[in-house]
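Line order of the protein sequences matches chains A and B.
According to this note's numbering, the residues represented by the first sequence are 1 to 214, in order.
According to this note's numbering, the residues represented by the second sequence are 1 to 739, in order.
Hints were generated in silico from the structure; no laboratory data involved.
For clarity, every value in this text was computed on a predicted model and none was experimentally measured.
Check before you lean on any hint, since a few could be wrong.
[Unchecked claim] Below, in silico cross-link-like pairs of lysine-lysine (DSBU-like), each with a Cα-Cα straight-line distance of 35 Å or less:
(1) B:Lys705 - A:Lys32
(2) B:Lys179 - B:Lys277
(3) B:Lys55 - A:Lys85
(4) A:Lys177 - B:Lys196
(5) A:Lys32 - B:Lys55
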Amino acid sequence: MVPEQNEFFMDPNRCIGCQACVQACSECETHKGYSMIHLDYVDRAHSIQTAPVVCLHCDSPTCAEVCPADAIKKTADGVVQTALKPRCIGCNNCVLACPFGVPKMKTEFKLMMKCDMCYDRTSEGLKPMCATVCPSQALFFGTREEIELLRPRSVATNQFRFGEQTITTKVNMMLPKSGKAEYVDVTAAMSERGSGKTISLNILDGMYNEEQSQ
Amino acid sequence: MAQATENTLEFIEHFGPHPAYAAGVRLETGVEPDKLVKTHCCFCGQQCGIQLKVKDNEVIGFEPWEEFPFNRGMLCPKGVKRYLQGSHPDRLLHAYQRDPASEGGFRELAYDQAIALVAAEIQRIQSTHGNDAFGVLTGASLTTEKAYLMGKFARMCLKTANIDYNGRLCMVSAGAANKKAFGIDRAANPWSDILKAEVVWISGANIAECAPITTNYVWQAREYGAKIIVVDPRITPIARTCDLFLPVKPGRDIALFNGILHLMIENDWLDHDFITKHTVGFEAVAEHVHEWNPKKTAEVTGISERAIRQAAEWWGQAKSSFLLHARGIEHHTHGVQNCLGAINMVLASGRIGRENCGYATITGQANGQGGREHGQKCDQLPGARDISNPEHRAYVAGVWGITPEEMPQAGVDAYEMFRLIDRGEIRGLLSICFNPKVSLPDNSFITRCLEKLEFYVAIDFFLNETAEHADIVLPGSLQEEDEGVVTQIEGRVIKINKAVDPPGDAKQDWRIIQDIAKALEREKGFTFSSPREIFNELRIASKGGIADYSGITYEKIEKQYGVFWPCPSDDHPGTPRLFELGSLNPIAKGSGPFYFPDGRARFNVAPYTPPAEDTDEEYPLMLTTGRVVSQFLSGTQTRRIGPLVDQYPEPLIEIHPQLAQKLGIANGDLTTVESRRGDITLPAMVVTTIRPDTVFVPYHWPGRKSINQLTISAQDPISKIPEYKVCAVRVRKATGNGS
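Construct all of the structure, not just a fragment, from the sequences and the given hints.
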């Protein structure tokens with residue numbers, strides 16, 4: 001069992017894109033040589049911003065719900081596992097259905113593999129590899145008391161809205177406290193332009209501009 | 001002469017670089033390691049704690065070491081994959097001799113035979129051309145024991161003045177400035193002082209990529225309310241969420257520092273009490289910065305007046321602060337002046353020597369700090385002593401059992417050594433832990449010099465690009481194959497622990513050096529049987545010096561998770577924070593906290609001068625160089641670690657879309673950058689995160705992918721650091737087949 005007080009917090013605002021998490025994930029005992037983490041630039045042409053995605057471990061995991069072979073199981077403590085090898089038919093339903101794009105189809109094994117929050121470590125009271133090594137602690141594993149003390153400007157949420165559907169997850173996302181958001185509206189965010197302060201280097205208008213964009 | 005072997009398929013098959021991936025036992029699950037060795041990463045100056053998993057004399061993986069206080073288990077991708085450098089197909093398992101007739105250009109040689117050949121060549125060259133005709137180049141990734149031994153070997157065994165090290169490309173500008181201002185060259189504070197600072201000022205430091213764990217300190221400070229000010233020509237990951245970004249024009253940092261000090265004086269944001277009691281020289285500096293009004297500062301630096309005023313206001317009014325800088329301000333022909341300008345800002349604020357008030361350069365290499373303290377630098381003796389100071393010479397000569405007269409005087413810096421090779425004054429060379437063919441500027445000159453050497457012996461664990469010119473290659477040791485201390489970024493002396501034995505004929509580097517001394521029949525002083533014995537002599541050699549290690553033991557390091565020097569006696573706990581009021585040091589002897597006889601810090605007038613090569617019509621753009629997170633220095637190790645190679649496989653030219661559009665270059669287009677020294681053709685990476693008048697290329701690659709073909713060998717007159725961070729170039733879309 002993962003001790004109840006230990007929780008996972010994702011804070012993409014802190015990500016530096018170094019890929020320590022990706023590299024450490026591939027050292028995990030249960031899937032050595034393969035990383036289950038997704039890490040991408042959001043828009044490299046215009047920003048250095050990157051975002052890591054681990055499995056958020058939904059309360060009602062869509063991946064499991066759409067699986068025709070009932071191959072995807074959730075542990076009693078809420079961790080959604082890699083598909084069961086004897087059952088997985090490699091149909092890709094889960095890969096297509098996951099709202100967060102987490103599962104990976106490993107065609108060489110005909111098996112869907114995914115982040116299991118380092119269950120071999122977390123169930124023994126350790127931290128997951130990614131959150132242990134993350135140099136900027138964009139991935140954090142610890143207690144709610146710890147994160148509240150360390151991130152006074154942020155608040156954790158585990159509610160994600162996709163249109164009319166709200167998904168509740170085991171993993172938390174850190175949001176700016178000032179935004180007072182109760183959930184992350186994912187579909188709305190997909191078409192939203194960056195907001196707040198952005199920095200641009202523009203030789204025509206003078207070298208330094210702070211733009212307030214909406 | 002020492003022509004490099006051609007990189008034929010045969011050469012690559014033997015010596016690489018091959019990208020290694022986890023295989024065999026390293027991929028198996030449920031393997032119970034024989035032991036977990038608590039040690040540190042082999043790469044940067046942060047020296048993160050890590051546990052290496054060892055099975056059957058092989059490092060098979062790692063476990064985080066969460067108890068080590070600096071990084072508490074955190075690692076960057078290099079630290080995570082560093083274990084793949086062991087059991088590597090390119091690993092040198094034998095001594096080699098140049099032999100064009102052999103496959104790959106080298107043939108295996110018995111170790112003892114190789115040592116005998118090296119000794120014979122050293123003797124031949126020195127007896128024909130004098131002792132100084134044999135030079136030694138070393139590195140700041142060596143443990144302090146090895147660094148100490150290399151200095152002793154050059155001066156006492158080879159009796160040559162010509163030894164210098166690759167820290168010349170790294171920490172020397174900051175070191176020289178620190179000595180001028182504080183009388184001591186060390187980060188002034190432990191990193192824990194960053195956390196509660198009100199303002200964190202970062203100049204020329206790509207922290208997230210070059211010192212990734214430091215990011216957490218900076219961003220934790222921000223969570224607690226700190227304002228983060230970043231000065232850089234590029235929006236690096238640490239700049240992305242800063243509170244104020246100052247996109248300085250490369251090479252103009254000193255103008256900014258003077259401009260900030262101007263505003264501090266104008267608004268009386270000064271600690272008069274501190275300035276009066278603990279410093280000298282403020283008036284001259286105040287007079288000098290008088291002309292640096294915001295308008296002039298903005299014109300020179302390319303930063304808006306508004307942003308300069310905002311930065312000055314935050315810095316000026318802060319109650320606590322931490323100023324960090326790195327190679328971005330140091331790699332300049334006025335690198336020392338840049339650092340002095342930054343220090344003037346700190347001294348005027350009075351915010352140093354107290355909790356949450358600090359200043360530091362971010363040391364680059366594993367032992368960047370310790371490697372510059374104990375005598376492998378051309379003008380230095382152990383304990384950060386000065387080789388031109390008669391008392392210092394006498395003390396160290398006494399420890400070594402020679403007369404001061406027998407000890408050579410100061411030699412020349414690493415780049416100047418190549419000029420001496422070019423002029424025929426240096427005929428033979430021994431190198432260890434240094435790959436100048438990739439890392440030195442204007443490196444086609446370096447190649448020509450290597451070709452002129454009569455004899456060159458390289459000690460390394462992989463055959464790096466410089467060693468391709470060697471007549472003899474001796475198989476040295478990886479970091480995990482030996483023990484010893486290094487001094488990390490904060491001035492904390494920590495212990496590298498041995499995990500595995502060297503494979504094949506490979507030997508621990510200090511044994512190789514001692515074997516050469518023995519073959520030269522100059523064994524006296526080189527009969528150590530362990531790193532601990534070398535360390536114990538080093539403790540005595542450093543005693544009474546500024547970098548006093550005499551109270552440090554391996555056991556104390558283990559017990560305290562490192563010991564901050566100075567640590568002058570057995571019962572002394574070490575000195576995490578320098579310059580505390582009331583602290584004692586051997587120079588001031590109680591008269592004040594700084595390391596001068598009057599105990600006062602020095603303000604230094606830091607005049608602005610433009611870069612050695614400014615832009616003109618022919619070469620209208622600026623080139624700046626640096627690192628990426630997945631590679632390290634000249635890439636000898638990291639270009640052989642597959643997952644790191646995959647992360648950033650080849651250098652790219654970062655270029656702003658405005659410039660790209662003007663030149664008709666799209667993202668991914670092969671693009672040619674030319675300077676007066678050379679040209680390079682690489683894919684463009686079109687991004688808005690760089691100044692439109694500047695292009696950036698990382699420097700980890702050799703040959704035609706080496707940006708150091710273009711960089712300028714102009715050096716700072718004091719520190720002798722080369723001006724990697726700015727030279728004039730022109731850029732065009734590549735034509736034809738990419739040349």
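Broken hints, numbered, in rising order? none
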